[in-house]
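Student: What follows is each chain in one-letter form.
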Amino acid sequence: MTSGLASFVIRRLAAACLFVLMVSASALMLVRLAPGDAVSQLTFTGVDQATIDATRVRLGLDRPPLVTLRDWFAGLLRFDLGTSSQYGQPVAGLIAERAWHTARLGAIVLLIASAIGLPLGIITGSRPGGWVAAITTPISIVLVACPPLVGALALLLFAASTGLISIEPGRLAVPALALSLPLAAMLERLQSRAVADAVAAPDLVAAAARGIPPGRLLWVHAARQSLGPVLGIYGIVIGSLFSGSLAVEFATSWPGLGRLMRDALVARDVWLVAGCALAGAAFIALGNLAADIARAMADRRVTERA
Amino acid sequence: MVGLGPFVLQAYDPGKSLTLARNPHFWKKDAAGRALPYLDRIEIQIVPEQNAEVLRLQSGGVDLVTDNVRPEDLAALRDLERQGALSLVDAGVSTAPDMLWINLKSDSTTAKGRPWLQRDEFRRAIAHAVDRQAFADTVFLGAAVPVFGPITPGHGEWFLPDLPRTDFDPARARALLRQAGLTDRTGDGLLDDARGRTASFSILTLKGHTIRERSTALIVEHLRKVGLDATVVPLEFNALRQHIGEADYDAVYFAVSYDSFDPGRQLEFWLSSGSFHIWNLGRTSPATPWEARLDALMKQQVASFDRAERIRLFAEAQRVFADHLPVLYFVAPRVIVATSRRVTGATPSVLPPQILWNAETLALAPAGASRQ
Amino acid sequence: MTPSRKRRWPVVLGLTLVGTIALVALLAPVLAPNGASEMFPDRAYAPPMRVRVFHEGSLRAPFVYRQVLADRLMREYREDTSAPVPLEWFANGRVVSSGDATTPLLLLGGDALGRDIFSRLLTGARLSLGVTLAGALGALFIGTLVGGLAGSAGGGTDSALMFVTDFLLALPGAYLVLVLRGFLPLVLSQGVVFGLLAALFAFAAWPHAARGVRAIVAVERRRDYAEAARALGAGRFRLAAHLMPAARGFLAVEAVLLVPALLVAETTVSYLGLGFTDANPSWGTMLIDAASLNAMRQAPWMLAPAAALFLVVLGVQLVASTPASRQTLLVGKAPWPSGGTAEPLK
Chain G
3 MTSGLASFVI RRLAAACLFV LMVSASALML VRLAPGDAVS QLTFTGVDQA TIDATRVRLG
63 LDRPPLVTLR DWFAGLLRFD LGTSSQYGQP VAGLIAERAW HTARLGAIVL LIASAIGLPL
123 GIITGSRPGG WVAAITTPIS IVLVACPPLV GALALLLFAA STGLISIEPG RLAVPALALS
183 LPLAAMLERL QSRAVADAVA APDLVAAAAR GIPPGRLLWV HAARQSLGPV LGIYGIVIGS
243 LFSGSLAVEF ATSWPGLGRL MRDALVARDV WLVAGCALAG AAFIALGNLA ADIARAMADR
303 RVTERA
Chain A
112 MVGLGPFVLQ AYDPGKSLTL ARNPHFWKKD AAGRALPYLD RIEIQIVPEQ NAEVLRLQSG
172 GVDLVTDNVR PEDLAALRDL ERQGALSLVD AGVSTAPDML WINLKSDSTT AKGRPWLQRD
232 EFRRAIAHAV DRQAFADTVF LGAAVPVFGP ITPGHGEWFL PDLPRTDFDP ARARALLRQA
292 GLTDRTGDGL LDDARGRTAS FSILTLKGHT IRERSTALIV EHLRKVGLDA TVVPLEFNAL
352 RQHIGEADYD AVYFAVSYDS FDPGRQLEFW LSSGSFHIWN LGRTSPATPW EARLDALMKQ
412 QVASFDRAER IRLFAEAQRV FADHLPVLYF VAPRVIVATS RRVTGATPSV LPPQILWNAE
472 TLALAPAGAS RQ
Chain V
373 MTPSRKRRWP VVLGLTLVGT IALVALLAPV LAPNGASEMF PDRAYAPPMR VRVFHEGSLR
433 APFVYRQVLA DRLMREYRED TSAPVPLEWF ANGRVVSSGD ATTPLLLLGG DALGRDIFSR
493 LLTGARLSLG VTLAGALGAL FIGTLVGGLA GSAGGGTDSA LMFVTDFLLA LPGAYLVLVL
553 RGFLPLVLSQ GVVFGLLAAL FAFAAWPHAA RGVRAIVAVE RRRDYAEAAR ALGAGRFRLA
613 AHLMPAARGF LAVEAVLLVP ALLVAETTVS YLGLGFTDAN PSWGTMLIDA ASLNAMRQAP
673 WMLAPAAALF LVVLGVQLVA STPASRQTLL VGKAPWPSGG TAEPLK
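Residue numbers (the numbering used here), protein chains in the order written: chain G, 3 to 308; chain A, 112 to 483; chain V, 373 to 718.
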């Protein structure tokens, strides 16, 4: 079984690499195709046309998009992601720093959200009439229905007026809460439903008939079986968390990838856009891979044989 | 790092913060002979969102913000001022009001098929159709003054108080539109051209700027009351720039800020060949006799050394401008800046950078006297 | 209550809620007391008006007190308790409105431009909810098809489909919208924007649903009845059709998650230039307007769309809270125990 798992992982890694490359290439092409470029910011600032044209040539933006693509790939082979036209600094450095912040926040959010959401989901799914469900379900719905910007601002207001949590940029508390509470609610909803389904499944009923105690049934067997759909979503969750949740980053001034990507987009900073897309795709691919491995290990029956 | 100014760049964290440190070699000294600047360090934090910016100011996290205070934040900041945590200063009327201009390029697609769009009467009708006082009251909560040209009271002596005004007069607007060939032929409340098609046009603007979005919504509403069907199309900067550059638009609502009051520094706008002669870009010679007159006046005033003479010439240019209204102005907001209590020596100006322009004389009050 | 009726009340409540909201949205032009884009001077950030029936101790027909602007900059208003303004019913094509044209009926107060929030909420419901629900249904439909096929087929089909799914997820949607906007004409009619947005949302959201459905179906595929069906020669699509009902529960939750997400997405997309114009209010843009810290603190009624959104999500949640699937198909179609809740395991 282990060698089967190993070959599974290797195949997925290869697919992941291809995936990351394709996404980055597409993002690069898209930003070249979008109206305007990095140099068009200089219009209306009094810079004369000759300088604008010269800068365009210097940045390589007068060449066709496919040439840009080729140059990017060539750079990639040398581990050179190019220089940002906005900041004048190497893209790799910029991304590494922001990616670290985003990863830091993402990891904590994931931990908190999972620690709260999954167990609560198991409880509410198996006992829909119980008191836990009565309290949790309405809160979950409120959190799920709340737009991220409104939630982040509400938290900021609360933090600022009570002074309990610091709102300095770079402090984890507010963005972590703003992201983990809605995510916990989403996980709770998904887990709850998955457990309710799993608990009704025939093999669990059969297991109950065989005399396995209900506690074990729920927390071991049902939980494991219900992880399927939840883990399927985890890949996406991880990916979106790590590519940055824009609204929250903006509201709390968190120096993450989301803001970097958005600024790069507005400024048509070609290399930075490609680099951010690469980082985002890498996170999604890793997230999916981790989720798939976890699923494969939790439910031995899931293998990827043709 | 070497620098000539009062501060030198000490650290730069791209997209996050800039730290400026005192330049020990700065030449200026104050009246008492002490070396300027007083401050040791200025840290500029790049906050991506105005809400977060204001919140940090309110909670004492920053000493000042480089933007003007938004009207909707004034109430909260006034409260803080009463409590002694902040000081608010009205620096005067802004010199960079938002402007609405129509594409006057004679060979653009705008000109074909909708000749009424480029008529002088059309622009004058819009100038009369918008209730500027309601504009100031609604969008800026009263903290703005109606203006009728590019030079506002904030420009000081360059401002012409007796410039002919286009007061709020919907009846006059309708009459002017009739002269331009637009009447309601279909009975739906909207004006139509000679062929019975509804007179519609689009106004491009920059997306994401709350004040401008509200302004355009208000303008559209006032225009609808005289029968004009305008649609606002908010675009992202690069798309907007492209449309403007290619003269592929009907009208644009935008603003640009200058770093000086002197019209000699605004030639790009006034001269026909200027890079910001926004209603008709890319020309080397004047398109109309009145633009030729403007060119002549502006060149004269910038060549003169006599200030009174320059003011007189520029006043004449403003009158020519008011006669033809290539660009329409409605209101200019009051520039209000906020600093924390401990900042002293600030003399806010309406021109950006409003507070940091004399950063060398800024100082912090002694720790005992600060807020907390 | 009999067990089946006890389980049905959430669904009934949910349907009532969703149905009422839909009806209100459809009847918006008649139910709204004012025009959605009408700006009332001196009513910016006005607080909600209270409808009263007692004036100076005596009972009257429902009325409101005149609102007076006390300080424009500080956004202070007061009620003029000496001047009751009676409400007019069934006049001017509206169910209810103010009897005095200078005192508009602002049930939820005024927004930053002095427009009636309540009227905008009702009018915006049609567009916002319409586009959100259309997009959500589209996303669920496509996601189920793709996920179901991937999960039941397994192997190469699965990998290929999931590759495409992840690719679309990873692609920065913002760029796509920008490029798309660049190719479209400047002024778009409301119908075109509606269709574009619905399609965009369906396109953007289906990967999320597909991933979940695929995971469920992949597990289902290992069950005995599925193996049996394959042994009996069921093809890919037939098998997928058998297995997909297992994802019903997930899809229900997904619907609850999608509605608010898409509503918020509408504001992001309009930021990129592809949204409804201001003349057609949408809940998303109303929320952006309200999402200013000081506005939230001093004019919380501007967050009415968030409350309305909560009601919609609640309705969808209740409708979707059907008990877990209780039928598992066996060859021969003998249903398993129909008590689908967890009660038997206590």
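Note that these hints are calculated values from the structure, not bench results. By construction, the Cβ of each residue, glycine as well, lies at the ideal position given by its N, Cα and C atoms. Treat the hints with care, since some could be wrong.
A few chain A residues facing chain V, derived, Cβ under 8 Å [unchecked claim]:
1) Arg189
2) Ala245
3) Ser313
So these bits of chain A aren't anywhere near chain G, every CB distance computed over 12 Å [stated by the list, open to error]:
4) Tyr123
5) Asp124
6) Lys127
7) Ser128
8) Arg145
9) Gly195
10) Arg289
11) Ala305
12) Thr342
13) Arg352
14) Phe372
15) Gly393
16) Ala426
17) Arg453
18) Pro464
Stretch by stretch, here's where chain V covers chain G in the computed footprint (C-beta under 8 Å, at least three residues) [as the list claims (entries may be wrong)]:
19) 28-37
20) 53-63
21) 99-111
22) 135-148
23) 187-193
24) 273-283
Student: Determine for every hint whether it applies to the structure shown.
Tutor: Right, here's what the structure says about each hint:
1. Arg189: With a closest approach of 6 Å, the Arg189 of chain A hint holds.
2. Ala245: 5 Å, holds
3. Ser313: Holds, about 5 Å.
4. Tyr123: 9 Å, violated
5. Asp124: At about 8 Å from chain G, Asp124 of chain A fails to clear the 12 Å cut-off, so the statement is violated.
6. Lys127: 5 Å, violated
7. Ser128: Ser128 of chain A not clear of chain G: closest Cβ-Cβ about 9 Å, inside 12 Å.
8. Arg145: Answer for Arg145 of chain A: holds, closest chain G Cβ roughly 33 Å.
9. Gly195: 18 Å, holds
10. Arg289: Non-interface label stands for Arg289 of chain A: nearest chain G Cβ at 36 Å, farther than 12 Å.
11. Ala305: Check passes; 34 Å lies beyond 12 Å.
12. Thr342: 20 Å, holds
13. Arg352: 5 Å, violated
14. Phe372: The claim stands: Phe372 of chain A keeps its Cβ more than 12 Å from every Cβ of chain G (closest is about 17 Å).
15. Gly393: 10 Å, violated
16. Ala426: 25 Å, holds
17. Arg453: 18 Å, holds
18. Pro464: 16 Å, holds
19. 28-37: holds (count 7)
20. 53-63: Violated, because only 0 residues of the region 53-63 of chain G bring their Cβ atoms closer than 8 Å to Cβ atoms of chain V.
21. 99-111: Violated: only 0 residues of the region 99-111 of chain G have a Cβ under 8 Å from chain V.
22. 135-148: Contact hint for the region 135-148 of chain G vs chain V: holds, 5 residues under 8 Å.
23. 187-193: holds (count 3)
24. 273-283: holds (count 5)
Going down the numbered hints, you'll see the structure goes against 4, 5, 6, 7, 13, 15, 20 and 21, while the others check out.
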